[in-house]
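Put the complex together from the two separate chains, hints included.
So the sequence lines, in the order shown, correspond to chains A and B.
For the first sequence, full-length UniProt numbering gives the first residue as 1, with consecutive numbering after it.
For the second sequence, full-length UniProt numbering gives the first residue as 1, with consecutive numbering after it.
All clues stand as given, with none of them false.
In silico lysine-lysine, DSS-like type, Cα no more than 30 Å apart, as pairs:
#1 A:Lys25 to A:Lys39
#2 B:Lys24 to A:Lys91
#3 B:Lys34 to B:Lys20
#4 B:Lys46 to A:Lys125
#5 A:Lys39 to A:Lys234
#6 A:Lys125 to B:Lys20
#7 A:Lys128 to A:Lys177
#8 A:Lys125 to B:Lys38
#9 B:Lys34 to A:Lys126
If you are wondering where the hints come from, they were derived from the structure by calculation, not from laboratory data.
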Amino acid sequence: MIKEKENTEPKKTKEKSKTPIIQIKDLHKTFGVDNEVLKGVNLTVNQGEDLVILGRSGSGKSVTIKCIVGLIVPDKGEIKVFDEDVLNLTKPELNEIRVRIGFLFQSGALYDSMSVRENLAFTLKKHKRELTAEEVENEVIEALDNVGLSDAIDKMPSELSGGMQKRIGLARTLILKPEIILYDEPTTGLDTITSREISELILDIKHKRKTTSIIITHDMACAKLTADRIMVLKDGVIHAEGTYEELEKDEDEWVRSFFE
Amino acid sequence: MIFTLKNTFTEIGSATLFAKQFFKEVFIPPYEAKEFLKQCYVIGYKSLPLVAITGFIMGLVLTLQSRPTLVKFGAESWLPGMVALSLIREIAPVITALICAGKISSGIGAELGSMKVTEQIDAMEVSAINPYNYLVVTRILACTIMVPILVIFADAIGIIGGYVGINIHGDVNFYRYLTQILQSLEFLDLIPATIKTFFFGFFIGMIGCFKGFNASNGTESVGKAANSAVVTASLTIFILDMVAVQITDLFF
Ligand SMILES: Nc1ncnc2c1ncn2[C@@H]1O[C@H](COP(=O)(O)OP(=O)(O)OP(=O)(O)O)[C@@H](O)[C@H]1O
Ligand SMILES: [Mg+2]
Chain A
1 MIKEKENTEP KKTKEKSKTP IIQIKDLHKT FGVDNEVLKG VNLTVNQGED
51 LVILGRSGSG KSVTIKCIVG LIVPDKGEIK VFDEDVLNLT KPELNEIRVR
101 IGFLFQSGAL YDSMSVRENL AFTLKKHKRE LTAEEVENEV IEALDNVGLS
151 DAIDKMPSEL SGGMQKRIGL ARTLILKPEI ILYDEPTTGL DTITSREISE
201 LILDIKHKRK TTSIIITHDM ACAKLTADRI MVLKDGVIHA EGTYEELEKD
251 EDEWVRSFFE
Chain B
1 MIFTLKNTFT EIGSATLFAK QFFKEVFIPP YEAKEFLKQC YVIGYKSLPL
51 VAITGFIMGL VLTLQSRPTL VKFGAESWLP GMVALSLIRE IAPVITALIC
101 AGKISSGIGA ELGSMKVTEQ IDAMEVSAIN PYNYLVVTRI LACTIMVPIL
151 VIFADAIGII GGYVGINIHG DVNFYRYLTQ ILQSLEFLDL IPATIKTFFF
201 GFFIGMIGCF KGFNASNGTE SVGKAANSAV VTASLTIFIL DMVAVQITDL
251 FF
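The shape of chain B in the complex, shown without the other chains (with noise of 0.2 Å):
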């Protein structure tokens, strides 16, 4: 129990150590545009489906069970602005960083742990070029801008899908619904929900970095780099949201 707590804390420190870096080099050139594009690309678009499908299923799945509730109140107009409001808020940020975990975290972890079993970090490292700066840098400052927009994504076809889920019951009119969510939507909903996603996208792609990196050798070690990286992310989001929802609570 002691050695498990002592573990912990020591890799919580290691982990510190590593994020630091990240912010003393990403400053420092060379800068490696190319591969953070194609880190943008790997980690953003081909989210995308997944991201869109949950996305959808979530406003769908929200405004179907929300509904008898309000319904039952007489509040059925309130229906779409309160779908939105928890989509925007809270459950899209959430699900999607979860998802993102899933996928982009573990995919890291599990390609830079292969990497580092099979020498190709070393590799790089004795060639005289930076593996910190051409691998980590560009997937966690891609996953930090990339992770916020596949968030506002997943808002925008979850409205879709809300949209879809109140037209099951009724007829409503595209215009009319965008209309009552905009009025109960206020420009500060927006900002909150929006900087804690930066956050989400950092340490997802952090603590796929960290795990990556620090496999140690032998292959079954990049299995552990990657699932250990999907359940440290998920755990930090949460972690991150709870956060952040105390520090809006009190600030608005």
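Bound conformation, chain A alone (with noise of 0.2 Å):
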């Protein structure tokens, strides 16, 4: 088996030995006439890693992660997720993958028109008709546990402030226990200290469920936590690979300033 064998393996031949689960190739994406975003991006995400992706602002990243989850279409590039050809899919197809992939938004996408409590079991009720409402009602309590919002359960998200939206957006992206979590700057907005914890629980997570993630941040804390690889993207394509410690010392002073 794999497993066994990674843990005998030293790490930098660990990756090797890991399935791929996320891969891209070549994606371009320009919108409108000229706003040409990505230019060839190429990544691999293995089973059970975290990749953090940097990069400045509007340099493409979220765009990249809509392309996975087939909300952006690219114009040229190939994405395969868990051996599928993402681009090529019928929609019920696309949805059998989508429901195995959480999604955090950067704005959080609270579901306006529902309290918290609806939020988080809307999506539940939807895919997992089986449960009754007490054990939805469980599952939701758990969920908003692990955030730390248990009391929020009742309130409306225009009730909320912008980091406890997005710690509740979190727990209902994690709520179905998806496989591949793709997190779009999930500590923006937030104070260190809670910008900490949703770190830990982004690895706790990890280790728990073995997921693989994609992390976007700007938080290096964060990075430094989760990352098991860093990509820096720059121009639309990708600029700088590795991990925290190799990229915190790379020649490239750019790449460096990220660290600072």
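Structure, rendered in structure tokens:
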């Protein structure tokens, strides 16, 4: 079994023995006439790995992960998730994959006509129809406990602060127990203590549920804690790649500037 | 000029595709019964006061305005019938639909527009819930059913308004007033008038959803979506009404 090998092998060769879960090849996307955002992004995320993507604001990080779940259709390129070619799937096939992927939106994207409870229960009820009302309620409470917001259960999104919305969004993403999680800036707008708690939660989920994730962040503390590997996006391509320690000492000053 | 014309046609094209999707998805499960009922409540029940007030005023004003002319010809007894006929055939459907365009279409446009802008629709999409089915089908269906009901309600209130109008100048028994109306009304007056209200309802819902669903990014587009939903829906109602009158004219 691959798993047994992992433990005995040293860290460097560990990646090679793993199965790739997300593979992106030569991804291109242009918005409008001349806003060329992605100019050939290549990346691979292996089973059980946390990949952190860094990059300036507007460099196309969100666009990249939106392509993975089929929210944005790229102009050119190949995306494979669980060995399925995402760009050539029918709607039902794509939906089967989407259920296995959790997506945390940069904005939280809570349904603002629903209370926090309904926000969390909504997806759960739609996909796990066999659950009783009581089971749904328990799952909702557990998910809220995870992000430390169990007393917000009856609030409406408009009554929550930005940071709280973000954490509820995270709880909603995690409630379906996805195998892949795409985090778009999970700690932005949170205080340092909460940021740290969220980063630890991400790490915790990875260990407990063996999830594979991509984490977009500007928060270097979060990156340091969660990253198995870091990629830096610049001018529409992956500009640098390595572990936190490697990139921290990178010869490129621009890359190093992220770590200051 | 050519550019706006091209835009208009592109828009009509995509709106047609959007509407086509409705007929494709309305029959396919999952049926969102709960959301549908909620929309019926929001769209129908919450519009009742507005429709009641306008309906009453329409009946009242129409009676007061028509009365002098009819009196001149000594045909005052035609007044209830004439008012009821114009209310049911034309005025109540169109005015009620216009009010719904202002209230419902813009409401839906703004609601879905802000859901689009804040990525809530994307959030549904990525959690493998069909946002079209959940948000659009329910709303269009609710509008198609509730607008005709609101129009019938406006008819009734308008007739009561007419009664009040008549009683300002004379003393007419309500029973007699109703008999006069029923005498001049034929069943065939009701059918085309009712049929067209279903179309009004469908387009009010469809245009609101279409504008909201296609709002571009940025908060100002929410206002734009709401605004252009009202304008487009109102214009569509007039065009539909004209077509409906022509068709009725051919057959009856
Ligand atoms: N739906 C869209 N339509 C048009 N342009 C878009 C769309 N989404 C993104 N863009 C453009 O793509 C570029 C990259 O956007 P993206 O959201 O990926 O940036 P980002 O790297 O996530 O930045 P940030 O750190 O600020 O979130 C921007 O120039 C933006 O204008
Ligand atoms: Mg982003």
